[in-house]
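Asker: Listed below are the residues making up each chain.
Protein chains: 2
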Amino acid sequence: MDRQIISNSFKSIQDNISSKLSIISSQDYQEDKWVYDSGSGGGITRIFSDGDIEKAGVNFSSITGKLSDDISSKVIGKGKDFYATGVSVVIHPKNPFVPTMHMNIRYLERNNQKWFGGGIDLTPYYISKNDIIDYHLKLKSLCDRYDFVNYKNFKDSCDKYFFIKHRNETRGVGGIFFDNLESNLDQTFKFVTENGKTFLDIFLPLFNNFNKKNYTNKHREFQLYRRGRYVEFNLVYDRGTLFGLETNGRIESILMSLPPYSSWKYNWKPELNSEEAKLYEFLKPTEWINFDE
Amino acid sequence: MDRQIISNSFKSIQDNISSKLSIISSQDYQEDKWVYDSGSGGGITRIFSDGDIEKAGVNFSSITGKLSDDISSKVIGKGKDFYATGVSVVIHPKNPFVPTMHMNIRYLERNNQKWFGGGIDLTPYYISKNDIIDYHLKLKSLCDRYDFVNYKNFKDSCDKYFFIKHRNETRGVGGIFFDNLESNLDQTFKFVTENGKTFLDIFLPLFNNFNKKNYTNKHREFQLYRRGRYVEFNLVYDRGTLFGLETNGRIESILMSLPPYSSWKYNWKPELNSEEAKLYEFLKPTEWINFDE
Chain A
18 MDRQIISNSF KSIQDNISSK LSIISSQDYQ EDKWVYDSGS GGGITRIFSD GDIEKAGVNF
78 SSITGKLSDD ISSKVIGKGK DFYATGVSVV IHPKNPFVPT MHMNIRYLER NNQKWFGGGI
138 DLTPYYISKN DIIDYHLKLK SLCDRYDFVN YKNFKDSCDK YFFIKHRNET RGVGGIFFDN
198 LESNLDQTFK FVTENGKTFL DIFLPLFNNF NKKNYTNKHR EFQLYRRGRY VEFNLVYDRG
258 TLFGLETNGR IESILMSLPP YSSWKYNWKP ELNSEEAKLY EFLKPTEWIN FDE
Chain B
18 MDRQIISNSF KSIQDNISSK LSIISSQDYQ EDKWVYDSGS GGGITRIFSD GDIEKAGVNF
78 SSITGKLSDD ISSKVIGKGK DFYATGVSVV IHPKNPFVPT MHMNIRYLER NNQKWFGGGI
138 DLTPYYISKN DIIDYHLKLK SLCDRYDFVN YKNFKDSCDK YFFIKHRNET RGVGGIFFDN
198 LESNLDQTFK FVTENGKTFL DIFLPLFNNF NKKNYTNKHR EFQLYRRGRY VEFNLVYDRG
258 TLFGLETNGR IESILMSLPP YSSWKYNWKP ELNSEEAKLY EFLKPTEWIN FDE
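Chains as they are written, first to last, in my numbering: chain A, 18 to 310; chain B, 18 to 310.
If you're looking for bench data, these hints aren't it; they were derived computationally from the structure.
Treat the hints with care, as some may be off.
If several chains are the same, the list does not tell them apart, and a pair holds so long as it fits within one copy or across any two.
[Claimed, not checked] Below 27 Å or equal to it, Euclidean Cα-Cα: the simulated BS3-like pairs (lysine-lysine) are:
#	residue 1	residue 2
1	K157	K235
2	K207	K157
3	K37	K111
4	K282	K28
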């Protein structure tokens, strides 16, 4: 695999996602180019704010550097030199009926070892079971186009990764999560870039269907409350975030994932049989697709 | 020292603080009694919300249990059995001109080893240098009444503890922080309980002076933004919080410290020479009291 080809492809995924988000929300984005001080290369951070997309970050980076001793043992492969390129997207829509959505794709090299990782996951506030199933069917369809990709395995990894232990809840309704994909690099590259396309195939309809839906203060308050869980996950458990904090990464790019507004209410519980209570039924590992049918 | 005497004294500090907060804010508090499932004893959590005190928690607990292997090595002393009693207070006022304030006092036993710990710290949004100095003079005056207590040492420990490494900022304008006070237990007990009194001597005037001050949406937005830092510190660094999460403590009592509303804005910086910029000058370890005078 050629770094430059992968990195160019990732860059164009950033371009495509940011331009599509710009069109659907009629918002411009703010762009920051940054350089990686501890090595070479850098990145481009694009931020949407204060519109129907209340906050979104679309990050691209391509960097080379040396792994610290601390990090060295947490990553596969040997040697200090590394190359990493990736795209990372987090969208926090304003309307509580549009889910928060996240995608990350990355390619790493450590000496002769080369691998891809990434994933897509969805964190709704109000959602129907049908929309969750539809979402998972799109992910399964993506996975099924590659004979070496097993949707079920990637889905289970996602449930396991995005789990808020102290709340005994998943962060959202799952998705796919994968790492250390080392074999079949050409095909894996195709699969990974197709994640960028599938991300939009999922998010754009959700946005278009629900962005204009009327909501009340109660809906908004629930959204802010649940965004608190997003913060709890990212600051307590998310490996990417903690990795970034430990390695003195660019703090504003790392924490762009945090929501624009969030709240914590003491011991808040949804009312029985309420719209809000319904979400909690979904926040556990679930077989969304019935494989027997 | 007798556990029961200390625990009763701590309980009355909780009563005193919650009743004073109730009077100044004209708010009732919500009370939850809880039992410590993994041992014996329990606690009382009191919560203020939705008033001039936008959110506050006043926690009391008195528990016995067994330390896990994981925690065992992080605490002084030997053996598994422990007893712990403490009071913990966090106040998030609604008015951005009233600082957020925190106090914790605790007493621990592990076999024959007995010690006190605790501290007071202040996290303002808008504050004058004079008010910070006044605050530190009150803490120094408290410390100076005990010949074994050194304000400067406790202040330095506080600066060191409440430091947000990834932001290169202190959480607030410091205070005092102490742990493992094992000698002179009778006098230390007096000092620790006096922290509860000093806490009110500091907070009540700040509340009375600034609670009615007019504020704009800009002030409120800055408060929410800075509260994001409070969340970052508590979830990424605070030993008490992480200890609680790791030991399956009562999650709502542990996370009562998190603010009612907070926000994150990408790469936000205060305008040069603005009221907001002034705060940033204070968010570093500072000798607030000129010892030469």
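Asker: It remains to establish, for every hint, whether it holds in the given structure.
Answerer: Going through the hints against the structure:
1. K157 to K235: neither (34 Å within a copy, 46 Å between copies)
2. K207 to K157: within (16 Å within a copy, 65 Å between copies)
3. K37 to K111: within (17 Å within a copy, 39 Å between copies)
4. K282 to K28: between (40 Å within a copy, 24 Å between copies)
Checked against the numbered hints given earlier, the structure breaks only hint 1 and satisfies all the rest.
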